[in-house]
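Q: These are the residues of each chain, in order.
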Amino acid sequence: MNCSQFEDAVGPYLASRLEADTLAEFTAHSASCPACAAVLEQSEELRLAVLADPVDPAHVISAVRTAIDPPSSARWWLGVAASITFAVAGAAYWTQTRPSPDLRLLAAAARDHRIEVREQQPRHWQLDTVGVGPLLAAYGVESSDLERLRPAGFHLDKAKQCGLSGERVLHMVFTDGQRSVSVYIRSYGARQGVTATEEFENSGVSEFHRGRLSGVVVGDNRGVCADVVRRLSAI
Amino acid sequence: MAGGVRQVEFENLAIPHAAALLRFAQRLCGDRSTAEDLVQDTLLRGWRSFGQLQADSNPRAWLFRILLNAWRSEGRRRSARPVEAPLDRAAHAVQTDLSESVVVSAALSRLSEDQRAVLLLAVVEGFTCKEIASMLDIPIGTVMSRLGRARAAMKESVGRKVGTK
Ligand SMILES: [Zn+2]
Chain A
31 MNCSQFEDAV GPYLASRLEA DTLAEFTAHS ASCPACAAVL EQSEELRLAV
81 LADPVDPAHV ISAVRTAIDP PSSARWWLGV AASITFAVAG AAYWTQTRPS
131 PDLRLLAAAA RDHRIEVREQ QPRHWQLDTV GVGPLLAAYG VESSDLERLR
181 PAGFHLDKAK QCGLSGERVL HMVFTDGQRS VSVYIRSYGA RQGVTATEEF
231 ENSGVSEFHR GRLSGVVVGD NRGVCADVVR RLSAI
Chain B
-1 MAGGVRQVEF ENLAIPHAAA LLRFAQRLCG DRSTAEDLVQ DTLLRGWRSF
49 GQLQADSNPR AWLFRILLNA WRSEGRRRSA RPVEAPLDRA AHAVQTDLSE
99 SVVVSAALSR LSEDQRAVLL LAVVEGFTCK EIASMLDIPI GTVMSRLGRA
149 RAAMKESVGR KVGTK
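In order, the protein sequences belong to chains A and B. The letter at position 224 of the first sequence is residue 254 when you use the numbering used here, and the numbering goes up by one with no holes. The letter at position 130 of the second sequence is residue 128 when you use the numbering used here, and the numbering goes up by one with no holes.
A few of these clues could be false.
Partial pick of chain B residues on the chain A-facing surface, computed with a CB cut under 10 Å [to be verified]: (1) N10; (2) T32; (3) V101; (4) S103; (5) L118; (6) D135.
Covered stretches of chain A (in silico footprint by chain B; criterion: 3 or more residues with CB under 8 Å from a CB of chain B, positions within the stretch not fixed) [what the hints assert, rightly or not]: (7) 33 to 39; (8) 75 to 84; (9) 177 to 186.
If you're looking for bench data, these hints aren't it; they were derived computationally from the structure. Values in this document were obtained by computation on a predicted structure and should not be read as measured data. All C-beta atoms, glycine included, are put in the ideal place defined by N, C-alpha and C.
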């Protein structure tokens, strides 16, 4: 990889979009070329500054929904009829109509879990309650949520903010000392339900939107991921 | 229901990117309400042309392309103002050095709009120069030279302010 290819790869690298072989070339170039290492550092700084912008698209989304599908009295009645049907159909609804997963997001999460948790490349983690508390609060995660999420024998090991597919998310890591599971919380999500567990980077990965929380679960194996996904239904 | 399955498909595809579009638009336009209008316009244009989206294309790139077209076609550049860093970010700044990010934001706001757009698309949104060239309908060489000039200008103005510490 030369300097110009490196510069082109900086953005995709920061967004966890590089494939394993390109990633290796990228890391090697960064270690041997001070000019490119400086470009990377400057870019990371800029990216963190912009990703920290407060953004709330709820207002825009509701305006778009209204424009696409304006509410009317007739439709209101249809809505009531539909919700009665759904109530009768019961809890089976979401298991029958699983949302299709955003595979790019799942792949980015699995890659992030591999690099930051399994390979333990150094990152700035919050390790104690003083650091973790406000971080979880900023994403609406309550301590009761943690209790419900964590598989038996696991505890919350660490947390930090992290970029996933260009989005700022909360990254929490639970561990039982041997296995780990990453839970990524997004500040906004659209898909109600839980997707089927996919496999990326030898990890089990699911996307979820349950109640107040939405994000991605990555387990060291499918079993750990499925365990957390099951627990999510209690939230 | 009028929107039906197609609307659900569109929302599943587009809404996960709404926050990123809005963040990009805020930095591009310089104020929140112009940015919200721009993203609303983008999503509605996206909804109208949703049928033409190829199954294998990248929805994120598609939406950014629509946003950039909307931004250019409606002469929003004329009303664009220098971008100030949003101040109510305390809850989001847990891991970011605030003073440093203010310096970076100020430097970003001094770039030309063309340079700022390319730099944000590359560094923050993670697109390659080739993807950006196709989004903006300009040659890849132009993207690379804008990106190079933007990086140099950022280095120059951030370096000057942070150099004293
Ligand atoms: Zn180099």
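Q: It remains to establish, for every hint, whether it holds in the given structure.
A: Okay, the hints, checked on the actual structure:
Hint status for N10 of chain B: holds, given a least beta-carbon distance of 6 Å to chain A, under 10 Å. At a threshold of 10 Å, the smallest CB-CB gap from T32 of chain B to chain A is about 12 Å, leaving the interface hint violated. Interface restraint check: V101 of chain B against chain A, minimum CB-CB distance 9 Å, threshold 10 Å, status holds. Using the Cβ-Cβ criterion of 10 Å, the hint placing S103 of chain B at the interface with chain A is satisfied: the shortest such distance is roughly 6 Å.
With its C-beta approaching chain A no nearer than about 7 Å, L118 of chain B sits inside the 10 Å limit, and its interface hint holds. Residue-level restraint check for D135 of chain B is violated (minimum Cβ-Cβ distance to chain A is 19 Å; threshold 10 Å). Counting residues of the region 33 to 39 of chain A whose CB falls under 8 Å from any CB of chain B gives 4; the rule of at least 3 is met. Against chain B, the region 75 to 84 of chain A contributes 10 residues with a C-beta closer than 8 Å to a partner C-beta. That satisfies the three-residue criterion, and the hint holds.
Residues of the region 177 to 186 of chain A with a Cβ under 8 Å from some Cβ of chain B number 0, which does not satisfy the need for three, so the listed coverage is violated.
Violated hints, listed in ascending order, are 2, 6, 9; each of the other numbered hints is respected by the structure.
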